[in-house]
Amino acid sequence: MRRESIVPRADWRASVERIGFDFHTIDGQAYWREDACYVFDEQQIDVLERATGELHALCLEAVDRVIRGGRYRDLGLDEHAAALIERSWRDREPSLYGRMDLSFDGRGAPKLLEYNADTPTSLFEASVVQWYWLEEVAGGADQFNSIHEKLIDRWASFGRRSRIHFAACYDNIEDGVTTDYLLDTCVQAGLDVEPLDIEEIGWSGRTFIDLADRPIERLFKLYPWEWLLSEAFSTHIPDAATRWLEPAWKMVLSNKAILPLLWEWFPRHPNLLPASRVRADVAGAAVRKPYWGREGQGIAILGERDPGDGMPLHVYQALAPLPVFEGRHALVGSWIVGDEPAGIGIREDGDPITRNTSCFVPHLFR
Amino acid sequence: MKNDKPSLPSPIRKDTDAPREDARFSLSKDYRHPSFHPRKEPLLRKRSVAVVVGVLGIAAVGIAAFGGKDVQRNSYASQEDCEQDYATGQCTREATSSGYRGGGYHYYGPWYRSDWRDRSFAGDPGPGRSFRGGGVPGHGPSSVDFGRRGGFGSSGRVSARGS
Numbered sequence: 151m152r153r154e155s156i157v158p159r160a161d162w163r164a165s166v167e168r169i170g171f172d173f174h175t176i177d178g179q180a181y182w183r184e185d186a187c188y189v190f191d192e193q194q195i196d197v198l199e200r201a202t203g204e205l206h207a208l209c210l211e212a213v214d215r216v217i218r219g220g221r222y223r224d225l226g227l228d229e230h231a232a233a234l235i236e237r238s239w240r241d242r243e244p245s246l247y248g249r250m251d252l253s254f255d256g257r258g259a260p261k262l263l264e265y266n267a268d269t270p271t272s273l274f275e276a277s278v279v280q281w282y283w284l285e286e287v288a289g290g291a292d293q294f295n296s297i298h299e300k301l302i303d304r305w306a307s308f309g310r311r312s313r314i315h316f317a318a319c320y321d322n323i324e325d326g327v328t329t330d331y332l333l334d335t336c337v338q339a340g341l342d343v344e345p346l347d348i349e350e351i352g353w354s355g356r357t358f359i360d361l362a363d364r365p366i367e368r369l370f371k372l373y374p375w376e377w378l379l380s381e382a383f384s385t386h387i388p389d390a391a392t393r394w395l396e397p398a399w400k401m402v403l404s405n406k407a408i409l410p411l412l413w414e415w416f417p418r419h420p421n422l423l424p425a426s427r428v429r430a431d432v433a434g435a436a437v438r439k440p441y442w443g444r445e446g447q448g449i450a451i452l453g454e455r456d457p458g459d460g461m462p463l464h465v466y467q468a469l470a471p472l473p474v475f476e477g478r479h480a481l482v483g484s485w486i487v488g489d490e491p492a493g494i495g496i497r498e499d500g501d502p503i504t505r506n507t508s509c510f511v512p513h514l515f516r
Numbered sequence: 091m092k093n094d095k096p097s098l099p100s101p102i103r104k105d106t107d108a109p110r111e112d113a114r115f116s117l118s119k120d121y122r123h124p125s126f127h128p129r130k131e132p133l134l135r136k137r138s139v140a141v142v143v144g145v146l147g148i149a150a151v152g153i154a155a156f157g158g159k160d161v162q163r164n165s166y167a168s169q170e171d172c173e174q175d176y177a178t179g180q181c182t183r184e185a186t187s188s189g190y191r192g193g194g195y196h197y198y199g200p201w202y203r204s205d206w207r208d209r210s211f212a213g214d215p216g217p218g219r220s221f222r223g224g225g226v227p228g229h230g231p232s233s234v235d236f237g238r239r240g241g242f243g244s245s246g247r248v249s250a251r252g253s
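Residue numbers (our numbering), protein chains in the order written: chain A, 151 to 516; chain B, 91 to 253.
Treat the hints loosely; a few may be bogus.
Here are some of the chain B residues that sit facing chain A, going by a computed Cβ distance under 7 Å [to be verified]:
| id | residue |
| --- | --- |
| 1 | G179 |
| 2 | G216 |
| 3 | S232 |
| 4 | R238 |
| 5 | R239 |
| 6 | G246 |
FYI, nobody ran anything at the bench for these hints, they're computed from the structure.
Idealized CB from N, CA, C, for every residue including glycine.
Whole structure, please, built from the sequences with the hints as guidance.
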């Protein structure tokens, strides 16, 4: 694994805009960077693929153990959430996708930093934008990326007579692009679709309804479960027949408090890091993470002798520093579609913590 | 392209040099989000996200227009009464809600916006002929069911959603 400086396409802005990628620059700063790329060899890609599949299997086992053991308090979840989780798991409600953030330097085993299992973004960049880049720039190379095909395949498994509603906060460009892209793959799978803003979902007294007052039978929402459960309509969720994507059981995995449970049940697994809700349990430098938080919010790196401050609803995970290439900290986002590893996207930052201001850099392997 | 599913078509593997048909775009530049511009024909786009910027600007208008508004529908004692107010296909029969003495069925018109008196909305079925003064005496709605919109989304106004 290495970072190569390369010459961007002369018309790269126009090239990515042609395929619908309009947030390549955010607040005047490049978000998409193609003045560099990450280069892997095939063996390293195999390692990432195997680790992702293995971690996904561990996560599913962990959901089952949480439910059987009633470990909801360890996750900060109340009875209301627990009931929804159990129903969705019992009914085998399928998931669509997720993204595992891994610390990987190309030599050691990839380490799971967190699982964005509920509302992962940077999907369009990983699935489409870097694929077109590869086609134009490095046609002889390969890329770990079958996200698009797997999404279509996954949607098709829901049955072509289904109608899927898509709800998001469309005033946010990244959410809008991610949701529209998923809607597109759903259309390509032959399903009927209906998008609406999350605020436009209605409650009829019996069921959730769309703007045409049709019942919402299956809803993809790019909106975290913990927010849904804190809002006015949450009391209707148990009464409605709506099936959710991601399903409620993903609440277990999108919660960083799953990290200590994974370590408890699979100690010393090569793809896991020591983690605990108690700082003293984690030797050496650690990272403090809130149970719920996105895009680096609330994450802090604690030195070896830093005792932490006992903040509630936070976990501590052993520090696995991201590899640094030319001063850039590189994070591997490894995608799961359905139950299969589907590809990777690399984000990098000058800071050790990856945030929403980090850059997306394409990759290839030879 | 790295993939473990040989049953999928050849475009998955980059080294086949086969064009990836599903990656082609077919959407016109003036395409707009179907939430706010109801489509007249099925979506045929492939990777159509080229329209997203336009979509987002329009979405903000849509939210302002619809966010947090109530909806309601009329309940009728019989299908005949419902069809005095609405077209036949707009009336549905449903079991009465729990707690209603005697059980049985009620007939309902379509959901419509509760603020229909303030202005008219394209596509909204409205309150029916009785409320508009064109109904048949003795055949109007027996009650009104109230629904609501805007019960989700408040957290999203202040924070990022994705992760």
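Against the structure, the hints come out as follows:
The beta carbon of G179/B is not positioned within 7 Å of any beta carbon in chain A (closest approach about 13 Å), and the interface hint is therefore violated. The interface hint given for G216/B is violated, since its Cβ lies 12 Å from the closest Cβ of chain A, which is over the 7 Å cut-off. A cut of 7 Å between beta carbons decides the hint on S232/B: the least distance to chain A is about 16 Å, and the hint is violated. Interface restraint check for R238/B: the shortest CB-CB distance to chain A comes to about 5 Å, inside 7 Å, so the restraint holds.
Interface hint at R239/B: satisfied, since its Cβ lies 4 Å from the closest Cβ of chain A, which is below the 7 Å cut-off. Because the closest C-beta pair between G246/B and chain A is about 4 Å apart, less than 7 Å, the hint holds.
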